[in-house]
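Engineer: Assemble the whole structure, with the sequences as input and the hints as a guide.
Line by line, the protein sequences are chains A and B.
Okay, so the first sequence: first residue is 1 according to our numbering, each after it adds one.
Okay, so the second sequence: first residue is 298 according to our numbering, each after it adds one.
If you're looking for bench data, these hints aren't it; they were derived computationally from the structure.
Predicted model, so just to flag it, every value in this text is computed and none were measured.
Since no wrong hints were added, every one of them can be taken at face value.
Sample of chain B residues facing chain A (criterion: CB under 8 angstroms; computed from the structure):
1) Ile454
2) Phe539
3) Phe546
4) Ile547
5) Leu549
6) Tyr566
We put the CB at the ideal spot given by N, CA and C, even for glycine.
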Amino acid sequence: MLAALWVIVTATFFLMHAIPGDPFLGEKVTEAIRQNMLRKYGLDKPLWEQYVIYLGNLLRGDFGTSLKMLHRSVNDMIRDGFPVSALLGLEALAYAVTLGLLLGTVAGFRHNTWLDYLAMFVALIGISVPGFIMGGLMQYVIGLKLRWLPIARWEGFRYTIMPAAALGLGTLAVMARMMRTSVLEVTSQDYIKTAKAKGLSQREIVFRHVLRNAILPIVTILGPLTAGIVTGSFVIELIFGIPGLGKYYVQSIFNRDYTLILGTTIFYAVLLVFLNFLVDVAYGIIDPRIRLMRGRE
Amino acid sequence: MRLASAQEITQDMFEPLQLRAGEGEAITRPPISYWREVARRFRRNRLAVAGLVILVTLLAFAFIGPLLTPWDPREQSLFDTNKPPSAEHWFGTDNLGRDLFARLCYGIKISLFVGVMAALIDLVVGVIYGGISGYFGGVIDDVMMRIVDILYGIPYIIVAILLLVVIGPGLWSVILAMTITGWVGMARLVRGQVLQLKEQEFVLAARVLGASHLGIILRHLIPNAMGVIIVQMTFTIPAAIFGEAFLSFIGLGVPLPLASLGTMANDGYQYLRIYPYQLIIPAIAIIMTMLGFNFVGDGLRDALDPKLRR
Chain A
1 MLAALWVIVT ATFFLMHAIP GDPFLGEKVT EAIRQNMLRK YGLDKPLWEQ YVIYLGNLLR
61 GDFGTSLKML HRSVNDMIRD GFPVSALLGL EALAYAVTLG LLLGTVAGFR HNTWLDYLAM
121 FVALIGISVP GFIMGGLMQY VIGLKLRWLP IARWEGFRYT IMPAAALGLG TLAVMARMMR
181 TSVLEVTSQD YIKTAKAKGL SQREIVFRHV LRNAILPIVT ILGPLTAGIV TGSFVIELIF
241 GIPGLGKYYV QSIFNRDYTL ILGTTIFYAV LLVFLNFLVD VAYGIIDPRI RLMRGRE
Chain B
298 MRLASAQEIT QDMFEPLQLR AGEGEAITRP PISYWREVAR RFRRNRLAVA GLVILVTLLA
358 FAFIGPLLTP WDPREQSLFD TNKPPSAEHW FGTDNLGRDL FARLCYGIKI SLFVGVMAAL
418 IDLVVGVIYG GISGYFGGVI DDVMMRIVDI LYGIPYIIVA ILLLVVIGPG LWSVILAMTI
478 TGWVGMARLV RGQVLQLKEQ EFVLAARVLG ASHLGIILRH LIPNAMGVII VQMTFTIPAA
538 IFGEAFLSFI GLGVPLPLAS LGTMANDGYQ YLRIYPYQLI IPAIAIIMTM LGFNFVGDGL
598 RDALDPKLRR
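Structural biologist: See the structure below:
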């Protein structure tokens, strides 16, 4: 995990500094002022020294300051934007997990019935429609034509429903499809037959035997799926006018504000690598067999 | 009941079967090659065939469509801005008066190009890397796979965004951005296949006959893993198209005057309130592309799986 982080930080840093010219070349200032500005931001030092300083700052939790806006730093952006993004992401994840697992389970138990086909149709739409298109269409139909929900901004729970749904749809679809296959596989296992044969009720079989085993493969893909929600939030926050980190990130790309891009990219990378790590840990907790294997090593 | 009826069965009810020599061994159905069998199973899958039809339609749009319309996708006309669909402009025009049908055909072509090129590059790099790693094993495998593990942990869209910020937007930079970490999945897959296959007798036979390492990898191992590789590709193409559309939407996709489905969706989104068809038309095209490739991919996966053979 640390190796991946180091590769990301180093590669990002040197890529950003490989851009020809310097950030102040385009501004109409005299040479002396330009040199002063370079000195202020430490850009006059040799590259390796800047790299060491940057790494040191990162370890102290300082992601760098904006070169375009005075007194604006990546840490400000994270402080302002991340709670909003996290809330949106969690809401999207909550929709995706509950509905996705429900659809997948129903489809698995009612295999080849109209319920199965309906659930798989919903899943197919979720996989085929990109989040930003879904968001736009929802804004038009639900927000503008039907006027059920507000179109944009971030002022209360009603404002969160549509963006979270658009953001979570893709994840929901993948979950539903995987859960269905997983349920189908588990129900054909011998231990389910045994459970039936010893006279357990349908309820007990479903909850104690099928679902607990079927959910294992889902946990492994939670990492990539969460990454999908995080990156998906860039566009969703932009089109719904939500003041989250993703929107700031895209804006700093539009403004070509290199230090903001650098800092935010590193923050996102750290976040995603950390989430993957959490998923690995969670998997060990849920599946006792894995813990046992690690214990033996 | 069972016992009662069993008693009624008498000896004379049985008739000895005349067995002719060799008849039991005869193959009654004509032999069928692996790929023909796959094609047959694929054709039986209605969704897969539907996916193929969608893909062919998209290709028709991309290559025959431009011949049917007199309009040029880049030609602007300030007198014809934001016209709704009509006999003259089949899908209407956008805010610069460009014909949307012509632009859609052009956008589909660019999007498909990005997807196919990205998948091909993934294929070449992934197969070579995974093939070498799996075939030689040992320390080489450990080092190569450790590198892959590190790259696998890095979210590709972040890398793509960063790369495009640094090298600037362009058709090939978008393709490069999609493939720079994308080949990792293919490499893992090929390595897994090669690890399984290399222990089999035909590899030993090839080695005894003096085949070179490269020859064994390219002529014996990769063709045997082709099924899995093709399935992976049918999922890489829509992923790349999706990624390109995403990047276009945040202003990092293919630059003007090129247009992809993503740029069209982005343009259309700006005028969604007044001219919804400008978003809906490219949206349908993107959705159709995704559906087509997903159907075909699912169908191929099922058709190539020997466990499902009927």
